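Protein chains: 2
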Amino acid sequence: MKTPLIILFIFISGLTYGQTEETSQYHRLTVYGKAEDNGNSFHRIDTTRYPNIPGNVKRLLTNGAGLFVSFKSNSEYVKAKWCVTSRGVSPNMTAIAYKGLDIYIKNKEGKWQFAGSGNPATKECNEYTLVDHMDSSEKEFLLYLPLYDEVKSLEVGVSNAAEFQELENPFKKQILVYGSSIAQGASASRPGLAYPAQLSRSTGLNFINLGLSGSAKIEPAVADMIAPMQADLFILDFVPNSTADIVAERTESFIKKIRSEHPETPIIIMQSLVRESGFWNQEVGERVRKQNEQIGIEFKKLQDQGIKNLYFIEGKDLLGDDHEGTVDGTHPTDVGFSRMLEKIQPIVLEVLKKHKII
Amino acid sequence: MKTPLIILFIFISGLTYGQTEETSQYHRLTVYGKAEDNGNSFHRIDTTRYPNIPGNVKRLLTNGAGLFVSFKSNSEYVKAKWCVTSRGVSPNMTAIAYKGLDIYIKNKEGKWQFAGSGNPATKECNEYTLVDHMDSSEKEFLLYLPLYDEVKSLEVGVSNAAEFQELENPFKKQILVYGSSIAQGASASRPGLAYPAQLSRSTGLNFINLGLSGSAKIEPAVADMIAPMQADLFILDFVPNSTADIVAERTESFIKKIRSEHPETPIIIMQSLVRESGFWNQEVGERVRKQNEQIGIEFKKLQDQGIKNLYFIEGKDLLGDDHEGTVDGTHPTDVGFSRMLEKIQPIVLEVLKKHKII
Chain C
1 MKTPLIILFI FISGLTYGQT EETSQYHRLT VYGKAEDNGN SFHRIDTTRY PNIPGNVKRL
61 LTNGAGLFVS FKSNSEYVKA KWCVTSRGVS PNMTAIAYKG LDIYIKNKEG KWQFAGSGNP
121 ATKECNEYTL VDHMDSSEKE FLLYLPLYDE VKSLEVGVSN AAEFQELENP FKKQILVYGS
181 SIAQGASASR PGLAYPAQLS RSTGLNFINL GLSGSAKIEP AVADMIAPMQ ADLFILDFVP
241 NSTADIVAER TESFIKKIRS EHPETPIIIM QSLVRESGFW NQEVGERVRK QNEQIGIEFK
301 KLQDQGIKNL YFIEGKDLLG DDHEGTVDGT HPTDVGFSRM LEKIQPIVLE VLKKHKII
Chain D
1 MKTPLIILFI FISGLTYGQT EETSQYHRLT VYGKAEDNGN SFHRIDTTRY PNIPGNVKRL
61 LTNGAGLFVS FKSNSEYVKA KWCVTSRGVS PNMTAIAYKG LDIYIKNKEG KWQFAGSGNP
121 ATKECNEYTL VDHMDSSEKE FLLYLPLYDE VKSLEVGVSN AAEFQELENP FKKQILVYGS
181 SIAQGASASR PGLAYPAQLS RSTGLNFINL GLSGSAKIEP AVADMIAPMQ ADLFILDFVP
241 NSTADIVAER TESFIKKIRS EHPETPIIIM QSLVRESGFW NQEVGERVRK QNEQIGIEFK
301 KLQDQGIKNL YFIEGKDLLG DDHEGTVDGT HPTDVGFSRM LEKIQPIVLE VLKKHKII
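Residue numbers (my numbering), protein chains in the order written: chain C, 1 to 358; chain D, 1 to 358.
It is worth saying that the hints were derived from the structure and are not from the lab.
If you're wondering where the values come from, they're calculated on a predicted model, not measured in any experiment.
Worth double-checking, as some hints may not be accurate.
Since the list can't tell identical chains apart, any single copy or any two copies may satisfy a pair.
Unchecked claim - Pairs of lysine-lysine residues, derived as DSS-like cross-links and limited to a Cα-Cα distance of at most 30 Å, are as follows:
id	residue 1	residue 2
1	K139	K290
2	K58	K257
3	K108	K316
4	K79	K316
5	K81	K123
6	K316	K139
7	K152	K256
8	K152	K123
9	K79	K290
10	K354	K111
11	K108	K256
12	K173	K308
13	K290	K106
Given the sequences, and given the hints that come with them, work out the whole structure.
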């Protein structure tokens, strides 16, 4: 009796395996969240167009921060297959945020509601079921790409029996957020919780993530890249990566370069959040104080020159007052980001309304 | 001229290296946060004393969740050298939370204020400066051990010129928190943000972390272990890991075992938080609904039997209502934990006051 049983077992195993493969359809989708079209690329910007930007900036623009796909389906599950690089995860981030995915579904109130994460394994190519055992009503999905890794490929899988349709980008207009690791999303727990992505879901507008971890240094070549881009609003959150000297040296020409291409577009300039480590580390505390003082001076200088539609967000209290909003003294956790948004979102909304963008 | 220059370079390098080593003093300290004394061990409990508890429980009790050391010093920096295992970090956690450290300093208002993290490298033994460039006033420190890894060794380093003194455990009494991964600390961003640790800092009491990721299954052997332990309050948060059937089968005898050793000690029983994934995944939604219904039935049954000093915390809305409080649909982020604490802390405080524990 032994042989037939083994054959039966192999047969059943094969069948099950075959079924799983057979019953899923996989799709490659248009990647949204980019400042300008670059075809099917998973890079935020096609940096071959901008040979003069620094190497670090080029490298970081290959990271998936702010990128997403959108589709509708009545599948009872959504899977993803995706490949990233082999590099390790920063100790202050989750692998889900760094090299994973998360997915939102439009709920009955018309709001994007979190539904599941795509957990990466410790290898380059991953396969994961983000949400399962749903009812078979048609739903709209929003799936975010990794914040800190370069995506090499992405396929979205649903049941073979289900309907599937790619959707247009659900967000309108275009707001460019140029900033540091904090804008890029360190240390949100998952991609959809980076603060530009949160602003997109709450306003219905495209907040384009141009966060460049450690490398938002206001370089002229970056001004040359950003200034001609389509933009309804600029949010400039570069101070955390730029010394007071760099802020003094480069801010005025950076803003003027934008103004040369966008005479009226509103520009919000943010101070650095106050680094929690700086309450103890006197060097850090003093550095941030100088950076924030200098950006205030630059802002005033530009205003005094008659440059209009400039707005300023203070860094003070951006993380609340209990000192529990960061993972490492610098990078906001989801708590830190939610407190930042409590402060900056009303200001952003006010500017958007004043300029009739919403 | 080449040779002397090279020699000079080696000499300076050696000197710098030597100085760093020379100017730091390293200390091995008493590890607090344990339910019972087990000497110098970095295990939460000496499981050789409890041979009947399940293997998974034994393994998890080697994790550092809730363990900490305390000292005072006027050093301008605090370093740590620590060794953990080689195992990887869960994709829903940061390495800082899983195998790293974080440090708090008592501020001028007498509150523990976050000061820095100990970032692990991707290796077993780490060395990191948690906080640097402080003024030289004397300060009290609280340093938390990793939530999910087994610590093999820990040495705290301060300037050789500084004073250093180990401190007594700053927390009083003993509250046992028996629960799942959520109690163990997944997915707080760092060790000090696990909810029992947050309760300790806000109340001044020892909330002992007996969170057992995936393995809080109300086993009789675990009841036999926990029941005789010193406790001023029990918080039982085991529902997330226990099916409705297990809850039905084991809760009554578990509570009665505790009552046999602690006739009057208050016991708080928590429902499971509502898993965010369960708003879409019908199987998960139904499983949690049944678990929570069953623990309610067990609670009522015990009350009806005249067992006093039992309290109940509902799982509903523990994570707020915007569905943004988890990293993966199950495990709270710092946002999720802060919302949990908004709900459970007032109840815990009320019970503590009612029973004159604070």
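To see whether the hints hold, each was checked on the structure:
1. K139 x K290: Result: close only across copies, 26 Å inter versus 49 Å intra.
2. K58 x K257: Classified as within: same-chain Cα gap 20 Å, cross-chain 63 Å, threshold 30 Å.
3. K108 x K316: between (37 Å within a copy, 20 Å between copies)
4. K79 x K316: So K79 and K316 pass the 30 Å test across copies only (29 Å; inside, 42 Å).
5. K81 x K123: Classified as both; 12 Å inside a copy, 29 Å across copies.
6. K316 x K139: So K316 and K139 pass the 30 Å test across copies only (25 Å; inside, 41 Å).
7. K152 x K256: neither (36 Å within a copy, 56 Å between copies)
8. K152 x K123: both (13 Å within a copy, 27 Å between copies)
9. K79 x K290: between (48 Å within a copy, 27 Å between copies)
10. K354 x K111: Within one copy, since 24 Å is at most 30 Å while 42 Å is not.
11. K108 x K256: Neither. Shortest intra-copy (45 Å) and inter-copy (45 Å) distances fail the 30 Å Cα cut-off.
12. K173 x K308: Within. Shortest intra-copy distance 21 Å satisfies the 30 Å Cα cut-off; inter-copy 61 Å does not.
13. K290 x K106: between (44 Å within a copy, 27 Å between copies)
Against the hints set out earlier in the document, violations occur for numbers 7 and 11.
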